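In order, the protein sequence lines correspond to chains A and D.
Just so you know, we're using my numbering here: the first sequence kicks off at 464 and counts up by one.
Just so you know, we're using my numbering here: the second sequence kicks off at 4 and counts up by one.
Please keep in mind that the hints were generated in silico from the structure rather than gathered at the bench.
If you're wondering where the values come from, they're calculated on a predicted model, not measured in any experiment.
Keep in mind that a hint or two might mislead.
As the list claims (entries may be wrong) - Derived CB-CB ranges, DEER-like:
1) A/L498 <-> D/L203: 18 to 26 Å
2) A/P526 <-> D/L73: 49 to 57 Å
3) D/S137 <-> A/K521: 50 to 58 Å
Even for Gly, the Cβ is constructed at its ideal location relative to N, Cα and C.
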Amino acid sequence: MPDAPYALPDDVIAVQRGPEPGGLGGAYRTFGATLRGLRTTFGRLAEKPPTIEYPEEKTPVYPRFRGRHKLQRFEDSGLEKCVGCSLCVAACPAECIRVVAAENTPDNQVSAGERYAAVYEINMTRCIFCGYCEVACPFDAITMGNDYELADYERSDLIFTKEMLLAAPIEKTPLRREGE
Amino acid sequence: MGELAQAPVVETTLVQLVKAVVIFAFIIQVVPIILLLERKLLGRFQSRYGPNRVGPRGVLQPLADVFKLLSKEASTPATAVPWMMAIAPVIAIVTAVATLAIIPFGPQGAWGGDLGLYGIDVPIGLLYFFAFGSLAFYAFVLGGWASGSKYSFLGAMRSAAQLISYEVAIGLSLLGVAMMAGSLSLVDIVEAQGADGRGLWFVIPQFVGFLVFMVAGFAESSRPPFDLPESDAELVAGYNTEYGGMRFGSFFMAEYIEVLVISGVATACFLGGWHGPGPEALAPLWVVLKMFAFVLFFIWIRATLPRLRYDQLMSFGWKILLPLATLNVLVTATLLVVI
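The shape of chain A in the complex, shown without the other chains (with noise of 0.2 Å):
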């Protein structure tokens, strides 16, 4: 241990630096440097660019993606699975679902149920899709889907009624398998 006042002591781990900078052997280094970065950037000229172009190319979503709703319907017999409880009214936070129910008749058997949602309209501007009213839904009515790109020009084009929730998706956006 020697007694220069600036020794330092043995627990303190001395710092490891590269060389000075400057000088002829910077000079050097620096030239080396600069054709290291060179050769990276070409390589890069050989790589495809992992750029995903939007509008044309769409990137999949997960399965349990949350995106634009859908109302269903039973598959053998045409019948709308909703039967106007207004469970998923109660049940959004947001407060941007309005179903106005009404009493199914012989002559007009819309629904299942008694009861059938006359009236059924999201607020696509105010829906957060959290996917409660999925959840609240006893009879599997309302599902969320995979769409997002729900942009639109007017406010009033973004209320969606029940013929469009249940009108069959166009389903655009790719789905991920399982596992991917």
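Once you have looked at the hints, place chain D on chain A.
For chain D alone, kept in the frame of chain A given last:
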């Protein structure tokens, strides 16, 4: 005086005019190509595609850029000196284009007759190049100062600092070439590299000079990593912050023409100019190909190196480039006398 008296065949004014128009038209055509090339290549160097929306694969992007600039307002800040601000882009363009005149695209008579495939063959070619290269900085300094804005002013000051750090080195780097060729005329320099001369491109005997010239050339055209006058990261856009519309476009175009000029001078001085395989009529093709090789190198460097700091630039210019260039000149002079 004897050298000057034997200046090459004087062409008629008409021929001179036609040549001037052809060279100018050629450059105007080449600038958008370089612009697109730069944006596309820069993209690929950075693992992205670059512009690909306008036209097939984005080839019409420069056209869209020009129309956008043309339709924009050329505003003048209240603190500016309007007439100075207006002439700065003109100086930039004029000095850049004027240097193009001496770039040799082919020997005299390559396309028949006495026609020399260059604007003019001035016996003081290299000095002419240095003179206009230095004048080009007036555009930056005037434009930056007359804008009456802090950012512009800082950009202008930086371009002045850059000028004094590099002008000496770039001059000395070409002195070796001038000594080997025994002439300052670019046409003579190219001919000295052909079969009639030593038949050796000066890039080999003057390799150090070539390196110094390339580094100083980047500074001369204020391209990255020496784009201190612009410094878009910290000075908004440096000297051209307050410029808009086609005035800004002129600065932009001048920068690309300057790149072409540096490429052209490097081609003539180091890469044997028009010399290449095939018949003599192909001479301009070789020049253009070599120039484009340099342009690609400019883009490659831009994609690779970060911008130097102010003090790094000056210490690099004075402590490394200048001694290196001086040493190169001394060694070349000694060898020329001894051999």
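How the hints compare with the structure:
1. A/L498 <-> D/L203: 18 to 26 Å: The hint (18 to 26 Å, Cβ to Cβ) holds, given that A/L498 and D/L203 are roughly 25 Å apart.
2. A/P526 <-> D/L73: 49 to 57 Å: For D/L73 against A/P526, whose Cβ atoms are near 51 Å apart, the range 49 to 57 Å holds.
3. D/S137 <-> A/K521: 50 to 58 Å: holds (54 Å)
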